[in-house]
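Colleague: Sequence:
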Amino acid sequence: MTNSLDYYTSFDIRGARKTARKITSIEQRPNSSAILITSNDSRIRLYDVENSQLTCKYKGLCNQTSQIKGSFSHDGKIIISGDEKNFVYFWETETHYKLFNHTTGKGPLKRQLRRDKNDCYYRFRSHEARVTNAMFAPEALSDNEGFVKEIFVTSDCKGNIKFFLNLRNP
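First residue of the sequence shown: 10, per the numbering used here; consecutive thereafter.
Among these hints, one or two may not hold up.
Unchecked claim - Computed cross-link-like contacts, BS3-like style, restricted to lysine-lysine with a CA-CA straight-line distance of at most 30 Å: (1) K126 <-> K86; (2) K167 <-> K66; (3) K68 <-> K158; (4) K94 <-> K31; (5) K68 <-> K94; (6) K171 <-> K158; (7) K86 <-> K31; (8) K126 <-> K158.
Derived from the structure by calculation, the hints contain no laboratory data.
The model shown is predicted, which means the values in this text are computed figures rather than measured ones.
Produce the complete structure using the sequences and hints provided.
Modeller: Next up, the structure:
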């Protein structure tokens, strides 16, 4: 038996204008065949490597020129990323899709949420300069009162590093 390296597949990451965009990071989702690709078109994409399909495109952040990295929480349920406007963004990877109603002056309007696009996010301003990296600590910790402690770290383009603690109910 000989060792060999064989070509498997490729992904073509293009924006709406069909121009190629710079890839700024690639990360594997924990315990999954999916990979997270961050690019300079202000999008983060989740691809399934097994079937070479785009699973979801995450929108909201601003990343036109920087080397910004998106990453997963320890369980792969949350994506975290910085952006060029000094924010940290969070997206849930397991969104609850449902049909919802809006009432307008012309009667009810029904809109189906799309599984392949997610522009629902949480964000906060964490630095005074571009946030180039944001990541979760390896594992969430539980305290004696049942709260989950999540620690995440952010850095900016001026060399500042900040640590944040999030307490939440399990």
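Colleague: Each hint needs a verdict: does it hold in this structure or not?
Modeller: Going through the hints against the structure:
Annotation: proposed proximity of K126 to K86 holds, straight-line Cα distance about 16 Å (limit 30 Å). Using a Cα cut-off of 30 Å, the hinted pair K167 and K66 holds, with the two alpha carbons roughly 29 Å apart. For a cut-off of 30 Å, the pair hint linking K68 to K158 stands: about 27 Å separates their Cα positions. For the hint pairing K94 with K31, the CA-to-CA distance comes to about 19 Å; that is within 30 Å, so the pair holds.
In summary, the hint linking K68 to K94 is supported, as the alpha carbons are separated by about 14 Å, within the 30 Å threshold. At most 30 Å may separate the alpha-carbon atoms for a hinted pair to count; K171 and K158 meet this at roughly 16 Å. Under the criterion of a C-alpha separation no larger than 30 Å, the hint pairing K86 with K31 is consistent with the structure, at around 25 Å. At most 30 Å may separate the alpha-carbon atoms for a hinted pair to count; K126 and K158 meet this at roughly 29 Å.
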